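Asker: As a plain string of letters, each chain reads:
Protein chains: 2
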Amino acid sequence: MSESGSEALARFSINQMTVKQLSLPELTSECVKLGIPGVGLWREPVQSYGLERTAKLMRDAGLTVTTLCRGGFLTAIDPHARVRAIDDNKAAIDEAAALGTDTLVLVSGGLPPGSKDLQGARSRIAEALAELAPYAASRGIRLAIEPLHPMFASDRCVVSTLAQALDLAERFPSSEVGVCVDTYHVWWDDQAPAQIARAGRGGRLHAFQLADWITPLPEGVLNGRGQLGEGSIDLRSWRALVEEAGYGGPIEVELFNEALWSGDGRELLSATAQNYVRHA
Amino acid sequence: MSESGSEALARFSINQMTVKQLSLPELTSECVKLGIPGVGLWREPVQSYGLERTAKLMRDAGLTVTTLCRGGFLTAIDPHARVRAIDDNKAAIDEAAALGTDTLVLVSGGLPPGSKDLQGARSRIAEALAELAPYAASRGIRLAIEPLHPMFASDRCVVSTLAQALDLAERFPSSEVGVCVDTYHVWWDDQAPAQIARAGRGGRLHAFQLADWITPLPEGVLNGRGQLGEGSIDLRSWRALVEEAGYGGPIEVELFNEALWSGDGRELLSATAQNYVRHA
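Residue numbers (this note's numbering), protein chains in the order written: chain S, 1355 to 1634; chain A, 1355 to 1634.
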C-alpha cells in the first residue's frame, strides 16, 4: 500500500472476528503487507493458537493489539456461576495483559433463564465490576463496557445504551472502567451523541468500533453486520463525534457476517481497509 | 367464558394481526363467544372484506374497534411520494372514522433508499403530521405514534423510543397526536417508564399494546413476537406503569408470529385471551 495509504490506515485496526477465516499468522502477515497497524483479538482463537505464541507473533510483526474481546457475562444469579464468571474475567484480564493491549471489551450478559428483571441484571454487573475493576487496574488493563443493540437485551447484553454503560462505568475511576462505542449498536440512538460527549469529558472513551447496519437481519441477528459503506450508518459523522469528544485512539472494524466469512479472507481484509479509508 | 372471565377480559382487545388466519366474520363470532369486547383492525383485510361491511359486522356484534393499524410511512424525500403518503394517510383516517374507532396507529417509516439521515427523516414526519393532525381531528380521530424497536430503525420506523415519539407528538394538541406504547418495542428501554409518565401527564397515552419478547429472532425479525408469558417482558409491570400514568383504555394484544399463524386461529385466540388474563 502507498505511503498515503499507510497514513490513511494509521488509526485502523482490524478486529480478528471480521476475517475469522484467517489464521493468526495469516492475519499478521496480511496486516504487515497492507500497512495495517492494529488488530483486535478474541480470546478463543488466541487460546487455540497459544497466548504467549500470539503475543510474540504480534510483537515480532510490530502490530498493536488494540483490544481483547471479550470479558463480561456478569449477570448470573447463581452464586457458583457468579464465581466462575469472575474467575473467567480475571483470566481474560491476565490474557489481555499478556497480549500487551490496554483494553478488555466487556459484553455484559443477558437475562438469566426465567428472569425478566433487567434492572436486577444491571445491578449484578455493577457488583461484579467492583471486584474486577481494581484487579484489571493492577494488571494495567482498562475495562470497556460495550452497550449492545437493544435487540440483544434478553440473550446477550442488558446494557443497551451508552447512557446505561456510563451509569455503570462512572461508579469507578475512568482509568479502570470506560465504554466501547460501536456504531452498529448505537447508531439509532439520538441520545448517543450527548453520551459520547459525556464519555469524552470523563476520559471514558476506551474503544471505538465500526460496522454498518444492513437489512434484512439474519435469523438470530448476530451475524448480519454490514461492510463499511454498504448500510445506513453515517460512519464519518460518528467518527467526528468521538474525535470531538477527544478520542484519538484506534478505530477498530468489527464485522460479523456469514456472507463475508464465506469468501477469501485476504480479499476481505483488503476490501475492509479500503472501505475504511473511503467511508470512515 | 364465565362471568369472572368476562370481567377479566373487560379491557382486552385482540389485534386482528395476532390471528390473521381468521376471517373477519370468524374473528367476530369467536370474540363474541369468548367475551372479548375489542378488536384492533388492519387496513388491508378490512379493505378486502369491505369497509362498510366491516363496520356493520363490528357494530352488529357489539365489538369496539380499539385501533386501526396503520397509517404512517411519512419519511419519503421525493415530493410525489410525499403527496401519495399524505393522501394515503387521509384515507386511513377516513377509514378509521368509518370503522368507529378513535385511534389510528402510525408507523412512521424508515430511511429512504440511500439516506443515512435519521434526524432528517424525523423532521419530515413532523412536517407530515402538521398536515395530518388537523385532518384527523376533523374526523374525530387521534393519531398514535408508535415507536418501533430500534432494530427497525432503518427499514420501518426511525422513531425508536417513546421519548422521540413524544418529541413529535408534543408539537400538536394531545387530542390530535399521542403515542402507542407496545411492550415489544419499549421493554429494553430504561427511559420508557419516565416517558410513559410524561405521556400520561400530557394526555397522550392513546393506545397500549402487548407482545412478549422471545429469541432467537427470525430472519427479517418482523414475525418473531412471543405469546404473552413466554418471553422476557414483565408485562404486568408495564401495565402498572401505563395505569399509574392514568391509562384506563383497551389493552390490545398484537403478535406477529409465523408459528402461531400456522396453527388453528380459534385455539390461538382462546389461548391468547387466557394468557392475557394470566400474565398481563
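Just so you know, not all the hints are guaranteed correct.
Residues from chain S that keep clear of chain A, each with C-beta distances beyond 12 Å, as calculated [to be verified]:
{"id": "1", "residue": "E1361"}
{"id": "2", "residue": "P1391"}
{"id": "3", "residue": "R1397"}
{"id": "4", "residue": "D1544"}
{"id": "5", "residue": "R1555"}
{"id": "6", "residue": "G1617"}
Straight-line C-alpha distance at most 30 Å; calculated DSSO-like pairs for lysine-lysine [stated by the list, open to error]:
{"id": "7", "chain 1": "S", "residue 1": "K1410", "chain 2": "S", "residue 2": "K1444"}
{"id": "8", "chain 1": "S", "residue 1": "K1374", "chain 2": "A", "residue 2": "K1374"}
{"id": "9", "chain 1": "A", "residue 1": "K1444", "chain 2": "S", "residue 2": "K1470"}
{"id": "10", "chain 1": "A", "residue 1": "K1444", "chain 2": "A", "residue 2": "K1374"}
{"id": "11", "chain 1": "A", "residue 1": "K1410", "chain 2": "A", "residue 2": "K1444"}
{"id": "12", "chain 1": "S", "residue 1": "K1410", "chain 2": "S", "residue 2": "K1374"}
Quick look at which bits of chain S chain A covers, simulated, 3 or more residues with Cβ under 8 Å [what the hints assert, rightly or not]:
{"id": "13", "segment": "1463-1471"}
{"id": "14", "segment": "1493-1506"}
{"id": "15", "segment": "1579-1593"}
No lab work stands behind these hints, which were simulated from the structure alone.
Remember, it's a predicted structure, so these values are computed and weren't measured experimentally.
Just so you know, even glycine gets a beta-carbon here, dropped at the ideal spot from N, CA and C.
Asker: Decide, hint by hint, whether the structure agrees.
Answerer: Now for the hints, and whether the structure bears them out:
1. E1361: 26 Å, holds
2. P1391: At about 28 Å from chain A, P1391/S clears the 12 Å cut-off, so the statement holds.
3. R1397: 23 Å, holds
4. D1544: Check fails; 6 Å does not lie beyond 12 Å.
5. R1555: 21 Å, holds
6. G1617: 21 Å, holds
7. K1410/S with K1444/S: Given that 30 Å is the threshold and the Cα spacing comes to 22 Å, the pair holds.
8. K1374/S with K1374/A: 43 Å, violated
9. K1444/A with K1470/S: 40 Å, violated
10. K1444/A with K1374/A: 25 Å, holds
11. K1410/A with K1444/A: 22 Å, holds
12. K1410/S with K1374/S: OK: K1410/S and K1374/S at ~20 Å, within 30 Å.
13. 1463-1471: holds (count 4)
14. 1493-1506: holds (count 3)
15. 1579-1593: That given contact holds, which follows from 4 residues of the segment 1579-1593 of chain S lying within Cβ reach (below 8 Å) of chain A.
Consistency note: the structure conflicts with the earlier hints numbered 4, 8, 9.
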